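Here's the letter readout for the chains.
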Amino acid sequence: MSEPRLVARDVELDLEDGARTRHVLRGVGLSVAAGEFVGLMGPSGSGKSSLLFVLSGLRAPTKGSVEALGAAWPNPPARGAAMRRRSLGLVLQDPFLIPYLTVRENAEAQALDDAAHARIAPLAESLGIAALLDAFPEKLSTGERQRASILRALVNDPAIVLADEPTAHLDAASGLAVIDLLARSAERAALLVTSHDPRMLERAGRVLRIADGMLAHAPGPGAG
Amino acid sequence: MRERRDRAGGEGAPADMAWSVSLRLGGPRPMVRRVKRADPLRPTLYLSRRLRRVAPSGAVVALVTALLVLVITPTNTFLETTRRDIAPLEAFTVVSPIGATGAADPLAAVSAADAHVERAFPARAMWVRHPMLVGDAFCALLLVDSAEIPDLLARLHLELSSGHLPDAEHPGVVLHEDVARARGLKIGDRFGSLVNRDDTTPGAHPIVGLLSGAPRIALGDEGADAMSEFLMPRATHFVLVIAKPGEKEASDAALHAARSEGHEAFEVIDDAEMRARADKALANLPVLIGFVSSASAAVVALVVALLAVIAFQGRHEEFAILLAIGHTPRRLVTKLTTECAIVTGLGWLIGVLVALAVLAAFERSMMAPRGLVMRVWDARPLAASLLVPVASVLITLVALGRALRTLDPIEVVQRRGG
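First to last, the protein sequences are chains D and X.
At position 103 of the first sequence the residue is numbered 103 (my numbering), and the sequence of numbers has no breaks.
At position 333 of the second sequence the residue is numbered 557 (my numbering), and the sequence of numbers has no breaks.
Next comes chain D alone, as it looks inside the complex (with noise of 0.2 Å):
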């Protein structure tokens, strides 16, 4: 087994929601190693996405700790920002595009070096957007902006890549193709991937289940 990118020790969150208090994670954990597609599972606001920020380094946990690569993310937030765009591959429900900036120099946008730029060209025609990469967002499909946004997030090689309901907005076919592009895209890094559909997860060597801000592992397809 390779060494863990990934590890969140006994987190919770609590948000403040008016006067009350809401619990939405509770005493997770997790390890996600190098080469490692992990699938997570839950209805909607069973805290799926916001494990998925605090593994991210964008929101604090309130108890237990999340560490990426080995260092425990900055709390604020904010500063863990250079760790951030260096170790993280960030796809989201929504592509959040930039609209005035074509589909390459959204990907540049995120580029750290000259290694991230040159390797522009072959992640866009190993994603099947080549022809696409001087367009602006508005000419694209639904599926090719995911596309676009999967560009970006693996532009420096990271790490980690986590991606949150990456085909919510895309009927199953095209959601499996993105998963199939996502999941070989980043084969080594560490991959998590959250869903509420289980086909979109068959990749997966690991599902683990949320709800009501708990986890529990279930066996995925491809888990051993």
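Hints are computed from structural coordinates only; laboratory data are not their basis.
Don't take each hint at face value.
Unchecked claim - The calculated label-pair distances, taken between Cβ atoms and stated as ranges, are:
#	chain 1	residue 1	chain 2	residue 2	range
1	D	122	X	584	54 to 62 Å
2	X	512	D	135	51 to 59 Å
3	X	614	D	20	41 to 49 Å
4	X	534	D	139	48 to 56 Å
5	D	139	X	626	33 to 41 Å
6	X	533	D	138	23 to 31 Å
7	D	22	X	630	37 to 45 Å
8	D	139	X	599	38 to 46 Å
9	D	122	X	273	21 to 29 Å
Stated by the list, open to error - Sample of chain D residues lacking proximity to chain X, with all beta carbon distances greater than 10 Å (derived):
#	residue
10	56
11	59
12	63
13	212
To be verified - Covered stretches of chain X, as calculated for chain D (at least 3 residues, CB under 8 Å):
#	segment
14	269-278
15	339-345
16	365-376
17	531-544
All of these numbers come straight from a predicted model, not from anything done at the bench.
Backbone N, C-alpha and C fix where the C-beta goes; we use that ideal spot for every residue, glycine too.
We have chain D already, so just place chain X on it with the hints.
Structure of chain X alone, referenced to chain D:
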């Protein structure tokens, strides 16, 4: 699994950290060829692709800048016109008795400065009134021996543009053409209190010629005009002192010293003193200009900052995702501030250029025909109007810096993504 060399992770990524530490310690650098690439987040790219969104801010700054320059610049007319009227004092100094009794002899004071004086000769002096923006301005009318007039014109770099110089055959005065135009006078006309009771110049002076050049003056032949018997007793008896080449400053200093050493009955009128008087008379003008500029800049800065905040609201998702993928708030504030600086800077430049063009046309069509001197290219209004973009950028920096620091990318992502 192959280790990634281009990734510097946290403390738990030994290979990556070693690479990172070697860079910090000046160790061997990896062989990565650096290519200068255009940053897609550079402010100019956004501005060129979203021109319509940023144009209102630029337009506000341009309009207010133009307004400020157009309002402030004409105020230099007071000083510029006055300076043109006292410019002849750069060529000579006037020593006059205090009061108009003629009892004291100014030549007594001049003798004290003999070492620096080339020539001194008597003159009668009066003023020729011409319109100012508000009230009147005055240029000197000197009545001297007609033989002195060509030399004085040469020293003043003035030329006879039409008519002829006054002499025994042509009694009268030569008048600067700007003053003549402002007064509506031409060769053959007469001016003075005997012609027009409202005129402040004693006597009646026929115009025999017009002068052109920077300094403004009127020169006439002493005792040659038809009204000399009436005029001479009323015109103060002065002495014009012409210093040796390069010694005017020393000559003026000697004259002032002589006055303080027993020749108190005389007054020394030189260009430095007259400039100081003019500056003193207009000393409060900067207060007005400062107030107008500051108030305008404050209002415009708030408007521009408001527009910037509104524009920022429309770019929430852009900045949320940039924060989420690892751009620092500081870098994004710098990007936004630079965008604002470029827009307001360009707006200021356009406003200045428009104002200068309008002022040039205004000066030609309205001021010059009235004998008013306005300096179109004036640093004061430009400096004052600079407050507009500077204040706009500063207030925008504060407003957007606060907005970015409090922007929660997760909230934005979840609002849209569900």
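Structure-based check of each hint:
no., hint, in the structure
1, D:122 <-> X:584: 54 to 62 Å, "holds (59 Å)"
2, X:512 <-> D:135: 51 to 59 Å, "holds (56 Å)"
3, X:614 <-> D:20: 41 to 49 Å, "holds (48 Å)"
4, X:534 <-> D:139: 48 to 56 Å, "violated (27 Å)"
5, D:139 <-> X:626: 33 to 41 Å, "holds (35 Å)"
6, X:533 <-> D:138: 23 to 31 Å, "holds (25 Å)"
7, D:22 <-> X:630: 37 to 45 Å, "violated (21 Å)"
8, D:139 <-> X:599: 38 to 46 Å, "violated (54 Å)"
9, D:122 <-> X:273: 21 to 29 Å, "holds (27 Å)"
10, 56, "violated (8 Å)"
11, 59, "violated (6 Å)"
12, 63, "holds (18 Å)"
13, 212, "holds (18 Å)"
14, 269-278, "holds (count 4)"
15, 339-345, "violated (count 0)"
16, 365-376, "violated (count 0)"
17, 531-544, "holds (count 3)"
The structure does not agree with the numbered hints 4, 7, 8, 10, 11, 15, 16 stated previously, though it agrees with the rest.
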